[in-house]
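Chains P and U are the protein sequences, given in the same order.
Mind the numbering: the first sequence is residues 47 to 328 in my numbering, read in order.
Mind the numbering: the second sequence is residues 93 to 395 in my numbering, read in order.
In case anyone wonders, no lab produced these hints; they're calculated from the structure.
Quantities reported herein were computed from a predicted structural model and do not represent experimental measurements.
Check the hints yourself; a few may be wrong.
As the list claims (entries may be wrong) - In silico DSSO-like pairs for lysine-lysine, Cα to Cα no more than 27 Å straight-line:
(1) LYS298(U) to LYS51(P)
(2) LYS244(P) to LYS315(P)
(3) LYS98(P) to LYS246(U)
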Amino acid sequence: MTHRKRIRIELTIKFVIYLILCAGSIIFLLPFLWMVSTSLKPASQVMVYPPKWIPHPIMWINYVKGWTTLPFTLYLENTCIITFSVIAGTLFTASLAAYSFSRLRWPGRDIVFVITLATLMLPSQVTMIPVFLMFRDVGWLDTFKPLTVGAWLGGGAVNIFLIRQFMMTIPVELEEAARLDGCSTFGIYWRIVMPQLKTCLAVVAIFTFLATWNDFMGPLIYLTTPDKYTLALGLQFFQGHYGVTMHYLMAVSLIVMAPCLLLFFLAQKLFVTGIALVGIKG
Amino acid sequence: MNGNTIFKSRMAKREALEGLLFAAPLLLGLLVFTLYPVLDSLYISFTKYNIFTPPKFIGLQNYRNLVNDSLFWQSLRITTIYSVISVPLQLVAGFAVALLMNQKVRGITIFRTIYYLPSVVSGVAVSLLWVWIFNPDYGLANVMLRAAHLPTQKWLTDPHTALGSFIFMSLWGIGGGMIIYLAGLQGVPQHLYESASMDGANIYQKFRHVTLPMMTPIIFYNLVMGIIGSFQVFTQAFVMTSGGPANSTLFYVLYLFRQAFNYFHMGYASAMAWVLFAIILVLTLLVLKSSAAWVYYEGERKR
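Only chain P is shown next, with the shape it has when bound in the complex (with noise of 0.2 Å):
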């Protein structure tokens, strides 16, 4: 009796437990659905109350004429070609120095490591000015170049310590067995360790590529020729162009976020582990 009592109590709780978390994911949801209808409307649509959710007719046509209101497929371009060389400095100049800290040993190392992960403290504006006026004194305003060669020097503590922590756990046999028949330093972090490092190297990517695809400030301070824009200013600067509305500007916002949703969908698992990795060994 008492048990059968329980198991009801507990069946409940479960169907409270479900409703609030239903109620809440519709919550979370709906300004993807807002954002998705709008982006569908007939221009007379969208400033009507009350709203209609499905547009009639659908206008798929707002995706093309949006994205063509201004060279957006140029800001794709830009922003690809600072993304992929982000990714790319951060995960060679990260894990060779994670190797460096981890492997090899040399004077100083450890007081390095300390004040590298200093850094995290350090608030990006307290350094934004003189890098600022570094890259003035050498030409490099309006380039790529501010954006990326950061990432080819280091590419953050951040992801510095997530590589380094996770090498650690590596066991050193198979790299001490590549020594005694004469690999290299640069062969064994090559050849044997990277390979063992794909999970962590591929959860630093994704969320380099998060953050160097949405970085607004950096393109803002740097890039002053419409040409050179990525997305992110590209956005910012359609939302003040003349005569777009709501339903071009959701359109081309909702292209911009795709690519990171898509991600998202693919390596759902390498952002479940690398957030608690980040989490929880932070």
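Add chain U to chain P, keeping to what the hints say.
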């Protein structure tokens, strides 16, 4: 010295050289993008510098001017209010959702995906979406309020509600924190709950004396990250309101950015950056100091 030790020391030298080479990009990066700029920034903060004429040393004048700058205080006030409200709110909401999901409900992966989805997107596109949602006449926010027969709001267009709108919007992004909590919850050893049950603990007692203490390191991490992040809000404010109306969303970094890149007050902006650094440092240290009283680390038990 015998041959073996010579060999060993030569190996050590070689290893040290290789270690430095592997770390060389990072070392150069630290030097060029951190150490030098930090020193330079400190120096610039003591000068008057408009980037066109050489900097002029003026001592503490920039810092003194800050004290008398009402917009500086406004930006600090706005950012503090935002931080004090949105960070705890996100902490509690994220934790609560994670707790619900940790009950073995069906379709948890789907829920996890949905709640995390907004955290995947960020930046200008999301800001534009929320401008549209907050549109006073046709936006989703007021559509929902009307449907619920509640009074509509002016959201971003009213100085009284603009900052609140930003806080509301920040709740859409609790998914990131939620996943960290969820991972933590799933790592709580089951035997702790079992022995609590044997001692006759009810659900609340289990939560209060097992779950919560085990989660404090993660709460601590999310708290520190939340504070640091909330003081650096920029893109949303720039895109959605550019600080208005009536400077009611003039976030600290937005004002700093304006001083630097619109007015070219590089010295003044640098002084602002150092004040920001000091604030973040003090807050982080305070949280760190308080953590001894409320954060539970498993290692301590063994002592």
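message: Need the list of violated hint numbers for this structure, in ascending order.
response: Every hint satisfied by this model.
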